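Undergrad: Build the full structure now, drawing on both the sequences and the hints.
Here are the chains, one letter per residue:
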Amino acid sequence: GESVGLHLPTLSVQEGDNSIINCAYSNSASDYFIWYKQESGKGPQFIIDIRSNMDKRQGQRVTVLLNKTVKHLSLQIAATQPGDSAVYFCAEISFSGGYNKLIFGAGTRLAVHP
Amino acid sequence: DTGVSQDPRHKITKRGQNVTFRCDPISEHNRLYWYRQTLGQGPEFLTYFQNEAQLEKSRLLSDRFSAERPKGSFSTLEIQRTEQGDSAMYLCASSLSGGGTDTQYFGPGTRLTVL
Chain F
1 GESVGLHLPT
11 LSVQEGDNSI
21 INCAYSNSAS
31 DYFIWYKQES
41 GKGPQFIIDI
51 RSNMDKRQGQ
61 RVTVLLNKTV
71 KHLSLQIAAT
81 QPGDSAVYFC
91 AEISFSGGYN
101 KLIFGAGTRL
111 AVHP
Chain A
115 DTGVSQDPRH
125 KITKRGQNVT
135 FRCDPISEHN
145 RLYWYRQTLG
155 QGPEFLTYFQ
165 NEAQLEKSRL
175 LSDRFSAERP
185 KGSFSTLEIQ
195 RTEQGDSAMY
205 LCASSLSGGG
215 TDTQYFGPGT
225 RLTVL
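Chain order of the listed sequences is F and A.
If you're matching positions, the first sequence starts at 1 in the numbering used here and goes up one per residue.
If you're matching positions, the second sequence starts at 115 in the numbering used here and goes up one per residue.
Note that these hints are calculated values from the structure, not bench results.
Fair warning: this is a prediction, and the values are worked out from it, not measured in the lab.
Hints may be right or wrong, so weigh each one.
Unchecked claim - From the derived model, a few chain A residues whose C-beta atoms are all more than 10 Å from chain F:
1. ASP138
2. ASN165
3. PHE188
4. ASP200
Unchecked claim - Here are some chain A residues pointing at chain F (derived, C-beta under 10 Å):
5. ASP216
6. THR217
7. TYR219
Here a beta-carbon is modelled for each residue, glycine too, at the ideal position from N, C-alpha and C.
TA: Okay, structure coming up:
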């Protein structure tokens, strides 16, 4: 299949290790943040979201941390599996104007090695 | 599978031809979005519908691009007189407004190659 993000930064991890993917966002007024996973030849898949009034949210094997002071978002994946290999994008949303437009950050490729 | 479908999945066309893509959103979703994604980049917003009304268009959407959502359900994106620079993945997303976080769910995309 065709690759997404041929020149993206890559994080290489061993299967079973924990992964941390980082993202810097630009708009301090953003209300809501989302992490998406994109596999080759597919559209982005929702993983987890977090509102701006929170600093941590946990899902199944994933945790998102939000640091509004430095405008930084991270995605932690526990016990990384080969199926986690993909490009990961963070996205921010502002609710102002009654319209929610996603602004995607630069992606990170996660490569999981057996 | 998110429930958002797009057709075709791949389209190869010659420069100057017109192409049309279709998106079927999740059935109860009232909002529909089109994005464009080039290799190595995140998706970039093109346009947005709430029901059948097109409420926002990006400056990326030149006059050669037109989108419709005639009955507030499926949507079409047409590109006239295609150029090589139009080669990209065209993604559709849908969401349900009101009361929640309005999470956008993406379809698999249509890969356009302009020769």
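Undergrad: Could you run down the list of hints and mark each one as holding or not?
TA: Hints, one by one, checked against the model:
no. : hint   : in the structure
1   : ASP138 : holds (13 Å)
2   : ASN165 : holds (14 Å)
3   : PHE188 : holds (16 Å)
4   : ASP200 : holds (17 Å)
5   : ASP216 : holds (5 Å)
6   : THR217 : holds (6 Å)
7   : TYR219 : holds (6 Å)
Going down the numbered hints, you'll see the structure goes against none, and every one checks out.
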